[in-house]
Amino acid sequence: MSRFIAPFVAGLVFALGLGISGMTDANKVIGFLNLAGDWDPSLAFVMVGAIGVHLALYRIILRRKSPLFGDTFDIPTRRDVDPQLIGGAAVFGIGWGLGGFCPGPGLVSLAGLGTFAAVFVGFMLLGMVAHKRVHRPTQAA
Amino acid sequence: MLNSILWATVGGAVIGLAASWLLLAKGRVAGISGIVGGLLGPSDTQSSWRMNFLLGLLVGGAILMVTFPEAIAAPAERSMWLVAVAGALVGYGTRLGSGCTSGHGVCGLSRLSPRALVATLTFMATGFATATLLGLTGGGS
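So the sequences go chain by chain: V and F. Under numbering that gives the first Met the number 0, the first sequence has 135 at position 136, and the numbering climbs by one with no breaks. Under numbering that gives the first Met the number 0, the second sequence has 30 at position 31, and the numbering climbs by one with no breaks.
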């Protein structure tokens with residue numbers, strides 16, 4: 000049972016964190032990314048809080064031989080920087096600046112926004128499928 | 000502003016806890032674009048936890064909508080077609096670049112991964128550039 004509940008709880012808590020932090024308010028995100036306006040730098044502290052906690056716990060958790068409800072830890076190990084990484088991140092950032100949504104907040108917003116979130120998520124899924132068609136033999140981290 | 004910074008840090012810490020819990024429980028990285036993208040292919044041994052995580056994310060959004068509705072807001076200065084383009088770019092870009100704000104920005108940086116650092120600096124740069132350009136030109140709506 001916990002095998003099913005554990006990831007559900009992770010997703011739920013993740014969504015609450017996004018909401019508390021301000022990341023699900025697209026206007027706040029745009030206010031953070033737009034340096035020309037009345038700049039609101041507060042969202043930089045989402046990274047501070049998230050990395051502060053995860054950096055510390057990550058090291059403690061990986062002292063275990065295996066996760067609680069799984070056989071092995073499956074952590075990305077690649078360290079090379081390739082054009083796909085940079086190009087993909089650049090394209091993602093342009094989309095983020097255009098819409099004010101990154102993937103998590105877009106999905107969390109589905110519960111409340113109606114059309115805007117639905118359009119964002121719908122086209123995000125199309126973009127993901129398009130990538131799959133264009134780059135068939137790739138894997139993601 | 001101080002209040003905003005406090006909420007951002009607390010929300011970030013909650014995101015860090017959620018990512019740590021997923022790692023401890025399932026041994027997996029909480030990268031939203033990877034989780035969603037992984038579900039778009041044929042179902043495999045990873046599909047079940049990914050689906051449960053996604054379900055938790057959506058239910059978390061519904062809880063936010065009921066308890067803290069002002070946390071979720073659509074971009075006021077963006078038109079629907081721009082949000083559609085944004086969605087497609089975010090979907091394609093996050094898959095090509097193997098991650099988004101969560102996978103690279105939170106989990107990857109916490110692992111001190113050079114790939115995550117390059118990706119995060121890249122999408123932050125293009126995100127700032129895009130939103131600032133739109134802000135300066137009054138575009139977007």
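Keep in mind that the hints were calculated from the coordinates and are not lab data. Here a beta-carbon is modelled for each residue, glycine too, at the ideal position from N, C-alpha and C. Each hint should be verified, as a subset may be incorrect.
[Said to hold, decoys possible] Covered, in the sense of this in silico footprint (three residues per stretch, anywhere, with C-beta under 8 Å from a C-beta of chain V), are these stretches of chain F: (1) 27-36; (2) 39-52; (3) 94-104; (4) 107-119.
Structure-based check of each hint:
1. 27-36: Holds: 9 residues of the stretch 27-36 of chain F have a Cβ under 8 Å from chain V.
2. 39-52: holds (count 7)
3. 94-104: Coverage by chain V holds for the stretch 94-104 of chain F (11 residues, Cβ < 8 Å).
4. 107-119: Holds: 10 residues of the stretch 107-119 of chain F have a Cβ under 8 Å from chain V.
Hint compliance for this structure: no hint is broken.
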